[in-house]
Amino acid sequence: MQQSKLSNTLPYLDYSTWLVQKLPWKVRKLPLDTGATCPNRDGRINRGGCIYCNNEAFVPSYCHTGDIHQQLEAGKAFFAHKSQNVKYIAYLQAHTSTYTSIKKMEEICRDILSDTDIVGISIGTRPDCVDTEMLELLETLSRQTFVMVEYGIESANDATLRYIHRGHDFACAKAAIESTAKRGIYTCGHVILGLPGEDFNESLRQAPLISSLPIDVLKIHQLQVVRGTLLARQFQESPFPLYQAEEFISLVAQYIQRLRPTLAIERFVSQIPLSMMIAPRWNIKPNEFRHRLVTFMQENGMFQGQISTSFNDTCQIV
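All residue numbers for the sequence shown refer to the working numbering, where the first residue is 1 and numbers rise by one.
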């Protein structure tokens, strides 16, 4: 991908542009809690979870209102003042949504899709919590409606994955994503930049690895120290460096340069309630961050796919 100069368009492929090509409606995501737990918490893998994770930090309060139908109605009421005349993609966000029986998963999906305002399902999960039977179910659903599976990759560095108590390696994420994509199911990957032990150069080293995966969409998160996590205890006992906003903008811009142009980017930062946030406290909303990132990239002549890095030549899994 080469550009002699930047146009007025965004210097990256944004999720909204990508989604317009897939769905004919104006849509927004509606988070739901299916009641699933996580193998990294219930003892199958571990009981402490990932060192940075506290589900209460990102699950909306209406998700505690009751069953799926009650959550759907409460969620639509919650978003009503923000969006008019929209349809919704049900976002199974809390914990690990595929960590349940096939029968229960099918019932949940059918219940959700019975709501005429729901035009798709996005399923948050771990790469070690899908199997052939689960993918067959999701493939069947994908022939009837929009289905995306969102995998927590977090890092392409196995040493980091061990340190953060992730419970799987990068090869597991790669295999799950490839199996999902082969079935024609839309896939999304989550990565966290700034994890302990990963500096600026390590994040950029991983960008081509992530880009080489057959994912349609990517979510980038900054590392946040959240109350009630092991990471928070570590930070309080021995504070470690975290990116300041301007540093993170520079990192994300260079990361985007190393991503293939066909990979849609849904977000660059995550936001949690300030009451649960220990650090970093940027006081920047996601839309403002996005504006500052775009300005930075445009001013510096940067765009997605600008730097082509050979996966085979320069990137090895650590």
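Hints should not be assumed to be uniformly reliable.
As the list claims (entries may be wrong) - For lysine to aspartate or glutamate, the following EDC-like pairs were computed, each having C-alpha atoms within a straight-line distance of at most 20 Å:
(1) K87 <-> E133
(2) K22 <-> D199
(3) K104 <-> D158
(4) K103 <-> E139
(5) K29 <-> E266
(6) K22 <-> E139
(7) K174 <-> D117
(8) K103 <-> E133
(9) K174 <-> E136
(10) K26 <-> E133
(11) K87 <-> E73
(12) K22 <-> D117
(13) K29 <-> E73
(14) K219 <-> E178
(15) K285 <-> E237
(16) K182 <-> D117
(17) K29 <-> D117
(18) K174 <-> E133
(19) K82 <-> E288
(20) K87 <-> D117
(21) K87 <-> D115
(22) K182 <-> E133
(23) K219 <-> E237
No lab work stands behind these hints, which were simulated from the structure alone.
Hints and how they fare:
{"no.": "1", "hint": "K87 <-> E133", "verdict": "violated, 29 Å"}
{"no.": "2", "hint": "K22 <-> D199", "verdict": "violated, 36 Å"}
{"no.": "3", "hint": "K104 <-> D158", "verdict": "violated, 32 Å"}
{"no.": "4", "hint": "K103 <-> E139", "verdict": "holds, 15 Å"}
{"no.": "5", "hint": "K29 <-> E266", "verdict": "holds, 12 Å"}
{"no.": "6", "hint": "K22 <-> E139", "verdict": "holds, 16 Å"}
{"no.": "7", "hint": "K174 <-> D117", "verdict": "violated, 33 Å"}
{"no.": "8", "hint": "K103 <-> E133", "verdict": "holds, 11 Å"}
{"no.": "9", "hint": "K174 <-> E136", "verdict": "holds, 18 Å"}
{"no.": "10", "hint": "K26 <-> E133", "verdict": "violated, 32 Å"}
{"no.": "11", "hint": "K87 <-> E73", "verdict": "holds, 13 Å"}
{"no.": "12", "hint": "K22 <-> D117", "verdict": "holds, 17 Å"}
{"no.": "13", "hint": "K29 <-> E73", "verdict": "holds, 14 Å"}
{"no.": "14", "hint": "K219 <-> E178", "verdict": "holds, 18 Å"}
{"no.": "15", "hint": "K285 <-> E237", "verdict": "violated, 28 Å"}
{"no.": "16", "hint": "K182 <-> D117", "verdict": "violated, 29 Å"}
{"no.": "17", "hint": "K29 <-> D117", "verdict": "holds, 11 Å"}
{"no.": "18", "hint": "K174 <-> E133", "verdict": "holds, 18 Å"}
{"no.": "19", "hint": "K82 <-> E288", "verdict": "holds, 17 Å"}
{"no.": "20", "hint": "K87 <-> D117", "verdict": "holds, 5 Å"}
{"no.": "21", "hint": "K87 <-> D115", "verdict": "holds, 10 Å"}
{"no.": "22", "hint": "K182 <-> E133", "verdict": "holds, 14 Å"}
{"no.": "23", "hint": "K219 <-> E237", "verdict": "violated, 30 Å"}
Taken one by one, the earlier hints fail for this structure at numbers 1, 2, 3, 7, 10, 15, 16, 23, listed in ascending order.
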